[in-house]
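Please build the complete structure, drawing on both the sequences and the hints.
Chains A and B are the protein sequences, given in the same order. If you want this note's numbering, it's the position in the first sequence, counting the first as 1, plus 4. If you want this note's numbering, it's the position in the second sequence, counting the first as 1, plus 109.
It is possible that part of the hints are untrue.
[As the list claims (entries may be wrong)] With a cut-off of at most 35 Å between alpha-carbon atoms, the simulated DSBU-like pairs for lysine-lysine come out as follows: (1) Lys97(A) <-> Lys397(B); (2) Lys65(A) <-> Lys397(B); (3) Lys65(A) <-> Lys97(A); (4) Lys397(B) <-> Lys118(B).
The hints are simulated quantities; they were obtained by calculation from the structure and are not laboratory data. Quick caveat, the model's predicted, so the values are computed rather than measured.
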Amino acid sequence: MIDLVGTVELNEITAAESGRRYGHLRLRVDHLPEVQPGQFAMLKACGAIEPLLRRAMAYYKVAATTDATRIEFIYQIIGRGTEALARLTPRDKVECLGPLGVAFDLGVAANREVVLVAGGAGSPALYLLAAALVEREIPTRLFLGGASRGDLCGLSDFRDLLGSNRVVTATMDGSEGWPGFVTAPLEDHLATTSGTPLIYACGPDPMLHRVARIAAERKVPAQLSLEAPMACGFGICVGCAVPVRADCQEGFVYQKVCTDGPVFWSHDLAW
Amino acid sequence: MSNQTIEEKSPTDLLAIEIAGIRFPNPIWTASGTCGYGLDMAELIDLDRLGAICTKGLSARPLRGNPPWRIVETHGGMLNAIGLQNIGARAFINEKLPLLRRYQARVIPNVFGYTIDEYIEAIRILEDGEGIAGYELNISCPNVKAGGESFANDPRQAAEVTAAVRRVSTRPVIVKLSPNVTSIAASALAVEAAGADALSLINTAIGMAVDVNTRRPRLANVTGGLSGPAIKPIAVRCVFQAARAVRIPIIGIGGIATIIDALEFIIAGASAVQVGTANFYDPTASMKIIDGLADYCRQHGLRSIGELVGTIRLDQ
Ligand SMILES: Cc1cc2nc3c(=O)[nH]c(=O)nc-3n(C[C@H](O)[C@H](O)[C@H](O)COP(=O)(O)OP(=O)(O)OC[C@H]3O[C@@H](n4cnc5c(N)ncnc54)[C@H](O)[C@@H]3O)c2cc1C
Ligand SMILES: Cc1cc2nc3c(=O)[nH]c(=O)nc-3n(C[C@H](O)[C@H](O)[C@H](O)COP(=O)(O)O)c2cc1C
Ligand code: FES
Chain A
5 MIDLVGTVEL
15 NEITAAESGR
25 RYGHLRLRVD
35 HLPEVQPGQF
45 AMLKACGAIE
55 PLLRRAMAYY
65 KVAATTDATR
75 IEFIYQIIGR
85 GTEALARLTP
95 RDKVECLGPL
105 GVAFDLGVAA
115 NREVVLVAGG
125 AGSPALYLLA
135 AALVEREIPT
145 RLFLGGASRG
155 DLCGLSDFRD
165 LLGSNRVVTA
175 TMDGSEGWPG
185 FVTAPLEDHL
195 ATTSGTPLIY
205 ACGPDPMLHR
215 VARIAAERKV
225 PAQLSLEAPM
235 ACGFGICVGC
245 AVPVRADCQE
255 GFVYQKVCTD
265 GPVFWSHDLA
275 W
Chain B
110 MSNQTIEEKS
120 PTDLLAIEIA
130 GIRFPNPIWT
140 ASGTCGYGLD
150 MAELIDLDRL
160 GAICTKGLSA
170 RPLRGNPPWR
180 IVETHGGMLN
190 AIGLQNIGAR
200 AFINEKLPLL
210 RRYQARVIPN
220 VFGYTIDEYI
230 EAIRILEDGE
240 GIAGYELNIS
250 CPNVKAGGES
260 FANDPRQAAE
270 VTAAVRRVST
280 RPVIVKLSPN
290 VTSIAASALA
300 VEAAGADALS
310 LINTAIGMAV
320 DVNTRRPRLA
330 NVTGGLSGPA
340 IKPIAVRCVF
350 QAARAVRIPI
360 IGIGGIATII
370 DALEFIIAGA
380 SAVQVGTANF
390 YDPTASMKII
400 DGLADYCRQH
410 GLRSIGELVG
420 TIRLDQ
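Laid out in structure tokens, this is it:
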């Protein structure tokens, strides 16, 4: 973890058919410790006092050269913090604390088929993971859902990486792929595939709950990357609590999404 | 003494202070609940340069804390209802303290309980720990309903818990006051009379935020403690009023994020200050303030930061 000042190189705002807006931010930093797939950064414009707190964003892409590292984020514009990110222009300075959090466990993926499930702004958190899986030659399939075609964040990058036939899409308005929730094609796939695949998922809470239930029903192990409101992102505020099963009277304890996660095994969560 | 001599003084000479017989390398501390158990900050700041670390509130037994959502950002600040989740005093001295006391920063466990006996129990456990400079009593946490009002709400109860802890503690006791009272001077006087060695103030101001779509409170606990720059003027006022009421040293807390903030508190009467919420969004804020304080002393011809304490001018 290191607190860096990054320089904005690109900040492209797009609007989806659903009306939602997204930003694609690229920062240049001098030096960055190695980022593991699933880790995140805490971001805000340098010195900004509105909003006060930084916002958590998963690293989408990281490219290091000898002189600098370029890091990319894709963010959905939903409130004060992300509106402020959307106002950044090239050469602006950004405070960028990271890399933070526990990454996806890749060790367990060997000799298995991997299924990635993403919804909306959850897909950026899976790109580095997908790249690492491809590098290890682990067969990987992505189920990517969103409200409309424009909400399928990173779709073309994922298609380039995995091959179009390994990216299954679903949209609520039917503008791309399966109509409806992404969990429908996921269930369809799990019903027909042989062996025990491994699921990695990131997306809105209702989607993750559904994925957790499907995984439990089919006895498929799943790692979920969670979101929580975060004040610090590095373990000191204890604001980002999530109930995790524990051997105690109440059956659970609160763990911190920022430092104990954001990636958790689905069967450990006591939501 | 000439300006030149001041120029030559090291930051330690300029910034060292003494509170309740304990020497601190400087008056910049980190506030309870905003720096974990201190160690979590070690990757980002130099704990050897900090005056002291006030730990997350510790109780005799571990506490699970409140359900989420526990925090919400408001304008210029945030509300929290963490529910005092902590590992317990015993785990603190076994697991955290041995690592923490390797640093120069003084260690000040923040202590709370739901009854006077629970305070005493926690202090008794902590008395076993080595390398503790003193205790900070949280008598004012607005988040936990202990079958009634908090100790801080009633000067008599505040005095009672202070006296009880004073009797069992071999170390200095700093009592942390709440702004959620009618008269901060009355609270300050009551705990001073009960034997407090110093006061720290303020704890968070009780607040609330509502989600207009769901019409639900935005915190699961309904209300929470407001912190950050938004509460600074209230905190400066409280320090000013308390400093005029008592003779014991005062440690100022509330929205401190910059050197100017820290100076305001010191001039209003604080011998030291604590950086809280700023640690979340600017983890190196305390270091920048320490650097700035030494510069300020040199520029203003102060031989020691102590010369500035309570020098507010009220003449026309
Ligand atoms: C580990 C992690 C990785 C993330 N990665 C991405 C990403 O790659 N792309 C992306 O678009 N979003 C991501 N998010 C979600 C993103 O942090 C929130 O959308 C953002 O904080 C909202 O801020 P806001 O001020 O625009 O919204 P507001 O609603 O105005 O925010 C108010 C407060 O609530 C918090 N908050 C609100 N919604 C969320 C939420 N869903 N999750 C967490 N905190 C929330 C904010 O931090 C803020 O303190 C991630 C979250 C986490 C925890
Ligand atoms: C998330 C959070 C947790 C806190 N936990 C404690 C605590 O355990 N004990 C305590 O005495 N004060 C606690 N406080 C209060 C702070 O120590 C401080 O008094 C208050 O936040 C005002 O300072 P600030 O505006 O600089 O944050 C907490 C504050 C925050 C924001
Ligand atoms: S966000 Fe502060 S502890 Fe997790």
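Tested hints:
1. Taking the CA atoms of Lys97(A) and Lys397(B), the gap is near 19 Å; set against the 35 Å cutoff, the hint holds.
2. A distance of roughly 32 Å separates the Cα atoms of Lys65(A) and Lys397(B); the hinted pair therefore holds under the 35 Å criterion.
3. Restraint check for Lys65(A) and Lys97(A): the C-alpha separation of about 19 Å stays at or below 35 Å, so the hint holds.
4. Pair hint Lys397(B) plus Lys118(B) holds up; C-alpha atoms about 19 Å apart against a cutoff of 35 Å.
Violated hints are absent here; each numbered hint is respected by the structure.
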